[in-house]
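Protein chains: 4
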Amino acid sequence: MSSLTSPRSVLIAGYSAGFGAALARHFEAAGYTVIKASRSGDGEQLDLTDETAVHQWFSCLDRDYPPLAGVIHNVMAFLREPLLSTTAAQLESVWRASVMSAFLLTREAVPRLESQGGGTLIYSGASGSRRAGPGFAAFSSAKFALRGFAQAVAREHGARGIHAVSVIIDGLIASDKTAARFPGSDPQRMINPDDLAAQYLELFRQPASVWTQELDIRPMGGSF
Amino acid sequence: MSSLTSPRSVLIAGYSAGFGAALARHFEAAGYTVIKASRSGDGEQLDLTDETAVHQWFSCLDRDYPPLAGVIHNVMAFLREPLLSTTAAQLESVWRASVMSAFLLTREAVPRLESQGGGTLIYSGASGSRRAGPGFAAFSSAKFALRGFAQAVAREHGARGIHAVSVIIDGLIASDKTAARFPGSDPQRMINPDDLAAQYLELFRQPASVWTQELDIRPMGGSF
Amino acid sequence: MSSLTSPRSVLIAGYSAGFGAALARHFEAAGYTVIKASRSGDGEQLDLTDETAVHQWFSCLDRDYPPLAGVIHNVMAFLREPLLSTTAAQLESVWRASVMSAFLLTREAVPRLESQGGGTLIYSGASGSRRAGPGFAAFSSAKFALRGFAQAVAREHGARGIHAVSVIIDGLIASDKTAARFPGSDPQRMINPDDLAAQYLELFRQPASVWTQELDIRPMGGSF
Amino acid sequence: MSSLTSPRSVLIAGYSAGFGAALARHFEAAGYTVIKASRSGDGEQLDLTDETAVHQWFSCLDRDYPPLAGVIHNVMAFLREPLLSTTAAQLESVWRASVMSAFLLTREAVPRLESQGGGTLIYSGASGSRRAGPGFAAFSSAKFALRGFAQAVAREHGARGIHAVSVIIDGLIASDKTAARFPGSDPQRMINPDDLAAQYLELFRQPASVWTQELDIRPMGGSF
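Heads up: the sequence lines are chains A, B, C and D, in that order. Take 1 as the starting number for the first sequence in our numbering and just add one per residue. Take 1 as the starting number for the second sequence in our numbering and just add one per residue. Take 1 as the starting number for the third sequence in our numbering and just add one per residue. Take 1 as the starting number for the fourth sequence in our numbering and just add one per residue.
Excised from the complex, chain A in its bound form (with noise of 0.2 Å):
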């Protein structure tokens, strides 16, 4: 697959000004159409955690866009909160962002992607994927979710074809956004977002023989 041989699209979920883009950027210059979105921002402005709506785009898609090649889970929801100042609207909130957009993006996308020989999903996970840290029950319990799901996808549809994996990104990704969110962090201890738009990018070129289903990403030096 490392190369198109007839027109197929990406969606990615969850886009963003930051790696959003660079994803587009990346998989744009290997040829592909990339379809975003995002709750508000550049792209098909949706809430992917709503089933109707997601179904009914996807059917858009389907009459407005080539054939799927993949999905890219990009939907952050982070959350930093003490156990007992989090509400239970932010723990359903971080999950439903998290996880049931992820289900309802998969529920569609595989079925397409298997009749067209298969295809790629990546959930993008974050250090709390595996290591519930104080501060992140909310955070951490749906990324632990999100990892499982994913696990549980490539399970059942890899045999046809479903390459689903998590990407655990273990650092922050270089951004106006992240710079503003956590001050006096060091630039060059972070993550490159064309760097990691093109790790991804190499996971959809996986040959059928060597895939992946879980990738930890952290910026050299990274503490882990």
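It is possible that part of the hints are untrue.
One side only, chain A facing chain B, incomplete, derived with CB under 7 Å [as the list claims (entries may be wrong)]:
no., residue
1, Ala88
2, Ser140
3, Ala145
4, Gly148
Just so you know, these hints were derived from the structure itself, not from any lab. Cβ coordinates follow ideal geometry from the N, Cα and C atoms, glycine included.
Once you have looked at the hints, place chains B, C and D on chain A.
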């Protein structure tokens, strides 16, 4: 904490006739007042995923029962269903029963336990808490989430006396219900509910210098 | 197995004045005959990495002691050393003390235990059994190896009654030796050797329907 | 590091006709000078577990080859043997081939790589690096050890430019040797050595902002 010097309560959430009853017997024999809650059946009939209901109920507990020593979360919410036929409602329902209930109970219990010098929170997991197999996208996603939640509680509140444990129940608990659901299973290869209840009691009794955060349990010779 | 109906022995390998002595007290109080072995110090002075010596010693045990109920492997072989100043001799010595000794003891013990209907093997691990940090190339490599070894024993001989457990001791065990080696450590944040010994005894007592394969232990509030 | 600006060497330890040759082709095509070593066969015939021999050989490499860019450790030392019939000599031999060789090569390579601004070390693992099954007491113990070793190297030397990676090869690599050893295996479900070699090359090319520490690889539909 190997013996009770004053009356204390333990709350069993997701009480059931099989393992729940065994837990009740063992904790009562050890001197605890047992409070039972489930959606339907014995004990308090309560929607453990309803924030207001749980909050009000804990106020009643404060009035009616000895101080809390801990909570046992045993809401199972088992689902085996192919990914493509899983509904959004099922995904949410399994998560809500597993994770939202654990969150609501924990948020109420932690301040009460800390005011008593600490206490024990046990979250019942399953094989699917660590490995998500085919057919378990919803179930494992929820169980992964619960495991992450328990870790976050342990790390955030451990130093204040909260002993949060995941028990990974890697096997079937023998009961009439299990026999009906998994016909053909060998009862000799199942977990005895009384044996398991005794292990939960031991976790409540672990001295503060030797706390376990995650306990795997399986019958002799069980594959894993 | 919650009480001994006939005399049984338990072998403590890597016996030491601190935790080893606590183990001996607890198992003797529970009715076991305790057999102690270490390279130097109390008990049998024996090179546990010497195949012939271990083999001959077990023949003596058959003659002199009640049938074996289990083995506790507690050979520590701690080493913190920068990678580049670690010698090949150190790497080998740490591995030999940790892994070769466990292998030789296991190979002798398993047939004896199986002939008695089963028994318990506990391998003492450390934080470094699951996470290899800087300075621990030799130590963690050996502890990872021991953890893998214990898993293989559990899976290969579990159905024949062999209960093989790794205990992940994620903290310092309080002792004079520990105080000298890690000056400034807070004894309140250490593992009490008697508490830990009681946990080991509980593992020997786990009924066959509720076996644990890996038990993590750390003091309240310990970071992990 | 996506292209070579000056001549660099890569050392393949445990060179073999199948995967080793594929690695050599891919790295040579990418501009690297390939240095091959194995106990017997193509390339330098060298006992990689002999401290003096390895040390002297690196002195020769300094003289005869371009500066090192990295090392690929691919010494397999496969053994499937029941625990009770495994000999101490086998346990040691498997460990020595897997771990001692990795240690000796790493200790020589790290200072050389650091003097060049960094480099890549890849340690080839297997399914048994993470899960120790029956029959694999010796093999998995050694592969667990190697995984721990790689982690320690990554954490200790990552900030100085050393990118240490474990590749978890979770499947059979197609070759004549594999076909002979595992008759009846479906070549369609095997890892293509050229595909795998390309993945190793990608790891060498990962920019410093997106390093992977552990990469699992399996063929499409492989069970795990």
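Going through the hints against the structure:
1. Restraint check, A:Ala88 versus chain B: the minimum CB separation of about 4 Å is within 7 Å; hint holds.
2. At its closest, the beta carbon of A:Ser140 sits 4 Å from a beta carbon of chain B; the interface hint therefore holds under the 7 Å criterion.
3. The interface hint given for A:Ala145 is met, as the beta carbon of that residue sits about 4 Å from the closest beta carbon of chain B, less than 7 Å.
4. Given hint, A:Gly148 at the interface with chain B, holds; its Cβ is 3 Å from that chain's nearest Cβ, closer than 7 Å.
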